[in-house]
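Since the structure of chain A is provided, determine the placement of chains B, C and D on it from the hints.
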Amino acid sequence: MTALEVPTHLVDAGLIAQLLLGALAVLVAVAAPARLRSVLTGSVVVLAGIAAAVTGSAALVGAVGVGLQIPVVLPLAAPLEPLVLAPDRLGGLFMALAGVVVALAALFGIGYAHGPAASRTGWTAFSVFAVGMQLVPAATDAITFLLAWELMAGGSTALLLADHASREPVRRSTVWYSVMTHLSFLFLLAGFGVLAAASGGTSWASISGAALTGTPATTAFVLLVAGFATKAGLVPVHVWLPRAHPEAPSHMSAAMSAAMVKMGVYGLLLLTLRLLPTGPRWWSIVLIALGTVSALYGILQASVQADLKQLLAYSTTENLGLITTAIGVGLLLRDSGQPAVADVALVAALLLAVSHAAFKSVLFLGAGSVLQATGERDLDLLGGLAARMPWTSGAFGVGALGAAALPVTGGFVAEWVLLQALIHVGAQADRLLAIVIPITMGIVALTIGLGLLTFVKAYGIGFLARPRTPAAAQAHEAGPAMRSALVLGAVLVVGLGLAPGPLTQALAGAVSAGGVATFGVTGLSLEAVGVVLHPVALTLLAVAVLVPLVAVNAVLARRHPRRDVTLAWGCGGERTSPRMEYNATSYSEPLVRVFRGSLQASHVVDVVHHDQSPLLVEQMTYTQETGDVIEHRLYQPATRLAARIGDLARTVQNGSIHRYVGFSFAALVLVLVVVAL
Amino acid sequence: MSSELYQQLLATTTGLLLLTAVLQVWGRSTVRAIGLLVIQGTALAGLVLTVGVQAGEAAAPLVAGLLFVVKALVMPWVMLRSARLIGVTRERSARLRPAVELIGAAGLTLLAYAVSGPILGDTTDPATRAVPVGVSLVLLGFWQLLIRGSAITQLVGFLMLDNGIAAISSLTSGGLPLVVELGATLDVLLVVLILGALVVRMQAEEGHIDISELRELHD
Amino acid sequence: MTIESLAVIVIHLALAVTLTPVLIGVMRTTRARLEGRVGGGVWQPWRDLRKLLSKQPTRAPGSTPVLTLAPILLMASSLMLCALIPLVSTVALPGVPGDLFVVVGVLLLGTVALALLGLESGTAFGGMGSSRHMVIAALVEPTVLLSIYALSVPAGTSALAAIVQARLADSASLLNPVSLLAIFALVVVVIAETGRLPVDNPSTHLELTMIHEAMILESGGRDLGWLELGSWLRLTALLGVVANLALPWGVGQDAAPLSLLVGVAAITVKLLVLGAALAAAEVFIAKLRLFRVPELLAGSFVMAFLSVSASYLVF
Amino acid sequence: MAALIWIPLILPLSLALVSSLRQRSSWTLWLPVSAAGVLLGVGVGLILAVGSDGPLTTGAGLLRVDALSAWMLTVVGAVAVVALWGGIPHRTGRSRNIGTFATLLCLFLAAMTLAVVADNIGLMWVAIELTTITTAFLVGSRGGHGALEAAWKYVVLGSMGVAIAFLGIVLISAASRTSGEPSLSWVVLLAHAGGLDPSLVRAGAALAVLGFGTKAGLAPTHSWLPDAHSQAPATVSGLMSGVLLSVAFYAILRVQAIADAAVGPELMRGVLVTAGLLSLAVTAGLVITQKDFKRLLAYSSIEHMGLLALGAAAGGPLAIAAVLLHMLGHGLVKSSMFVLAGRILGFTGSHQIADVRNLLRRRPDLGGPFLLGAAALLGFPPFVTFFTEVAIIVAGFQRGLGWQMGLACALLLVVFAGIARHSLGMTVGAQPDLDAARTSPAPPDQPARFRQVPIVLALGASAVVGFAAWPLTGPLIAAVAALGGVR
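Chains as they are written, first to last, in my numbering: chain A, 11 to 687; chain B, 888 to 1106; chain C, 645 to 959; chain D, 1468 to 1954.
Pulled out of the complex, with its shape left as it was, chain A reads as follows (with noise of 0.2 Å):
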């Protein structure tokens, strides 16, 4: 492919522009006068990031940058290196990715935002998360990684306690977020330092000009590796995000799920790309361990929540884990002899993350709609929105039928073509990708499937039959800016799934590889192992076929019309109360009978017995609580445990001057017979 002639600095300018617009949003968000604060900052950051949409693409298409240089105060003699953001094409992808989901949550947030998101700190905590996020991606080295990566932390956790004063689990959720952040981020900082210390600079240009092996790669490698997964949410580190999405205000969550863990990703893919290309083969076992159980778990944990906003929070968990294993699988293939499969498994995972960026911003963004309309989140409590919102409703469902990957969805192409790397794998010859190949392949398979039933239930549950409570009968549709951003999201995703021929040849370039090309204008295909995919076609012939179908019905309707009853529902007899339906809990029972063993759900039934007899039963109560085993397992015993050893070090300080003046002493004794030995 021929790189597009954009002007070469057109890169600079817009990370300028970014730049600007974020300093502009915050000042706007400090002086704008409250009524039109939401208004004029919201705008403000979706400029900003449409202007990282359009230097993110131009960045994927070859267009390069002289660079912009960021001052800092400290000497940058080695091993620093100057601070320089300039987007290569692997960055400027997810930084176009990261701009056109904040220009979309922004837009929403215009609408949504309420209360303390839409005040001033509200309001300037997601314009810096915003311009950190999209600079993420440009950084050139690793002090200017962490540091926009730290911006992106900082805003997020800042726009995480907007609820705090209503909500009381807003603390303990932050709480988690910021330590999980930190985490991740004393993990890359211990990761960056090793390279750093073993190429003797901070920028990716040294550190993949030294092409490290051994020890310190490895060292690297794992801490990278387990700081990127925090990031990203996988397992078993994915603890904030079920607990940061749902309390985080929805146009953050939407942010946060569809575009700052791909952050992770994009570490990941920088690590295993650019950084360390030529690791030993089981750093690609490891990634596809660390996505296959990620995908697996995350998608389990999704499919039994009846909260909607942590149900999409799971769901992110398995969808990074879907990334992570086709990146796993790409390198593993890299490293097997099979560089044109590799290409695509690497494609993949770039269109698994650019679609799961579409819809889940449509899911999210939905979900606030929901909130906002019935102050619910509960999809046991909700019932019957598609009646009463029928955008939301629409665009939630376009955005459900792509995280169940069904055609033609972006989240459909990303998994065909996922499934197309893994089956024209040749294994023939290589014992270990004999076993990993298959096992992954069956994994990736349930994880689809349950996510078919994930989607289902929260769509079914929340949108369609009757309102199980006075707030969702009450539910009023969204008003203009959310609704436009939905519908804006939806027709990413139908778009995505439609023509997704283009956008995947400008995905190779990103990750250089081939054998990528455009079938027809739209269609995919991939040459590397010869099966394409015409989604136009497709729809054509579905529409081909709908036609005569929907003229019989329409003869048939015309003849026989829909008779109105009010006696239907509840095999018409009489009106069934609502608390009689089917809900969230209920629908995943079956599932949760299964996966008993991994869900470990506990339940109480709570019998009230009638005054007179106590065969009679007044009333009933059913709790079905599904635990997170790896909280349960890893993350308790490990608070515990530090609370005990806080416990045993406050013996260091008890108060007694002769235990403060024995340690003087000691450290002097020791001092003395260390000088002396």
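It is worth saying that the hints were derived from the structure and are not from the lab.
Note that the coordinates shown come from a computational prediction; the quantities given were computed from them, not determined experimentally.
In this text, a Cβ means the ideal position worked out from N, Cα and C, and glycines have one as well.
To give a feel for the contact side, a few chain A residues facing chain C, derived at Cβ under 10 Å:
1. Ser-403
2. Phe-529
3. Pro-571
Have a look at the derived ranges for each label pair, beta carbon to beta carbon:
4. C:Ser-698 / A:Gly-637: 45 to 55 Å
5. A:Thr-649 / D:Val-1923: 29 to 39 Å
6. A:Val-615 / C:Arg-936: 16 to 26 Å
7. B:Ile-990 / D:Trp-1870: 34 to 44 Å
8. B:Asp-1009 / D:Lys-1758: 50 to 60 Å
9. B:Ile-990 / A:Val-684: 20 to 30 Å
10. A:His-613 / D:Arg-1609: 55 to 65 Å
11. A:Thr-649 / C:Ser-817: 49 to 59 Å
12. A:Val-565 / C:Ala-900: 28 to 38 Å
13. D:Gly-1518 / A:Pro-647: 48 to 58 Å
14. C:Arg-936 / A:Val-232: 39 to 49 Å
15. C:Ser-698 / A:Val-501: 38 to 48 Å
16. C:Arg-936 / A:Ser-587: 28 to 38 Å
17. B:Arg-977 / A:Pro-647: 51 to 61 Å
Same frame as chain A, but now just chains B, C and D:
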């Protein structure tokens, strides 16, 4: 000054220093400890004078006099006054058994000799060879701080520590520049004054000066 | 090429729509006869369908468009299935080569439409059926994809037409372990996806054991007609796939009238025989408890997995 | 130009005299602020002067200002302005000892200045010990059991530590005898480092670092710090944390430079790494279940000193520059945090973290800056602490302290978790205010806004200073070079 006399004086003063230090660890009487401080201060002043004169420093008598006044007169007086003011003349309770205290003290003295050797290297300079006594004083001062519960005896321990350092200073480098020497002495004096004032305030507010009871601030 | 393939598609659709009620009729009759009943006759499904399509459907207040759309969507998905798979001939549209993953996607669209309809009904039964339906669909998914995988490896592609052609060309491969294991796994898939015994009993109306019937319990008239036809078409399509994979003989490889004619005849015979065999087998099987179904599916998954491994390690 | 050096020495002394004469006037509290302001100004002036003319010497060679001293003077001035200005109480009654308080603060400033500008380890030691003496009364000035206990511990442990440092200085002085020119001047020692008696320098430097480490709050000799910081008035805590600890650490840096030049970096590296890691570990252990917010801040100071120690252990221009910059950033933030803690204490009347809830809602003027300050302490960008932390860790890795830095990262995480949990617990939450009646928010008035100024300035400065390549990089590099340059 002849070499023999010099060595004799060194031996006498350092011996006195060590003796008083051990006696301070041994006893429980606050008043006696303060009395021993007077001897210790005098011995220290003598040591500084001896070394200074031997090295031919003009300021030596001045420094020695200053030390004598501050360490052998003013400080003990301040402490004695504090002790009288609050009417405490003996330790209330032992933190360790006396035998353990003394064995510890012996061990620390040995340690002082053990570590001083390598640090100072092989030397024939009699002054330098006496340095372990100073180190012992430092360690024994610490020991005093560590094992004694009364504020006054802690103060004594601190002064012993300080005397030890002064001794080492004089034995190794023949003293520091005058301005530093002055400043250091002044500082120590001020510290003692502050601590003395605090002791009085402690007795007034708490009704005792047992610092092992001072455990309100802890985690 | 395009015209030819369009013609083939039209033939597929026409054949499927006409043959399907007959197939169901044959299956029901077979079963009835084996159970010692007379049965409604081979044409009864046709008559049922006509009756249903000419009746008024109902609509409750507050219902959503899903009520109207789901039956159509299920029909569309089933028809698309029939159009995409090589029932009669392997000639395919350029760009739409009947890729197996696409086929599965289209199939799942129908599954989802049914499940949503079950939820839309707002009753406990509808939700229950929908939930069970989706759990089974989810658990079947690994088997589906792995057996596709196993069949794709020898052919080097996941395009169904190409796989059938490859199997036609190399008839020795039909009986090797890879093939046998994969086909057996696929049969379980078909049984689970179309709600046959032992996973679901298509003729039960005992509420607590229903799956498929529970979802469409609230539908009536035209809606029910489309739903019934759509579900039957799925059976035709899936049985057709299995039949043509297991016994590929007779499938036309071009659009010549003769080969099409042979193809039509072959698939008709294959479908009717297979359907009768399935119905006969069902007589001897009891429905599994719902929570033993995963065991069955796990078994089929293991077979599919073994067949993939075998395709790498044995050959 | 050298006369400039005398200004920050003389001026606080004369102001101390003035305030000791006007015991009851509350305006005397502004005298230390102005002294600190002058200190800051002189610091900047000296940076410029040193930058153009090289080091300045005066007072018979006892006082010397090189780039490092000028930098430290600026740090001391800037931090002291924040702590002193922010600590001026909102309404002051006519109290008997206001003047004494102001006097002691002025003396403290003078002592700090002396410590920084002295070109003589002994003199610096004297100055640092003087700070112990001046702050002893300040720590105990609130009265009560706690203050008395804290003052006692502070003086005993502090002067004990400083005594060890003195022992170290004595040994260094002895070591310098072998080089022919016995001296305690930094410059001379550094110039003749090769001729120093190695074993004496080893012992002397190690003891000096141990001793000054006591004042700098490095574990295991940190024990006085939490007690003193929690009992002292907010201003004093801020000054101690932001100024005293940094100046003590400055002494360590000077000693380290000599020791490294004389006997190689291994010894100092070992001592400092041990101290740094121990400090981090102590903080990690004690912030988890911490119950007192002033102690929490005190432990955070120990943590930051531990980081400085690790940075110094790493050595090299980057790490040392980061250490020096970190002193500034940490000082600014920590002093404003202590000021805020003092105001929170005034608002709730309790030291207990558990008694402080929902600050962000009840007192946004306290909760907001407190949370921001906590973010700065935890090293979030754009605060300068982010850059310095990153630089210290990266430099540490590069200089071969691999596993040590890894361990440090693990401990930093625990510290982060503890501090984040507690500071969020104090500021945010949806629980109803049980004691709302008792602590109804004071009506925000003009003076209240005015009182925010130093905090806003400090936090703002720490946010932008990381990016201030111009004009700060030059002086920073010069300051690093003054320590003997690249090793």
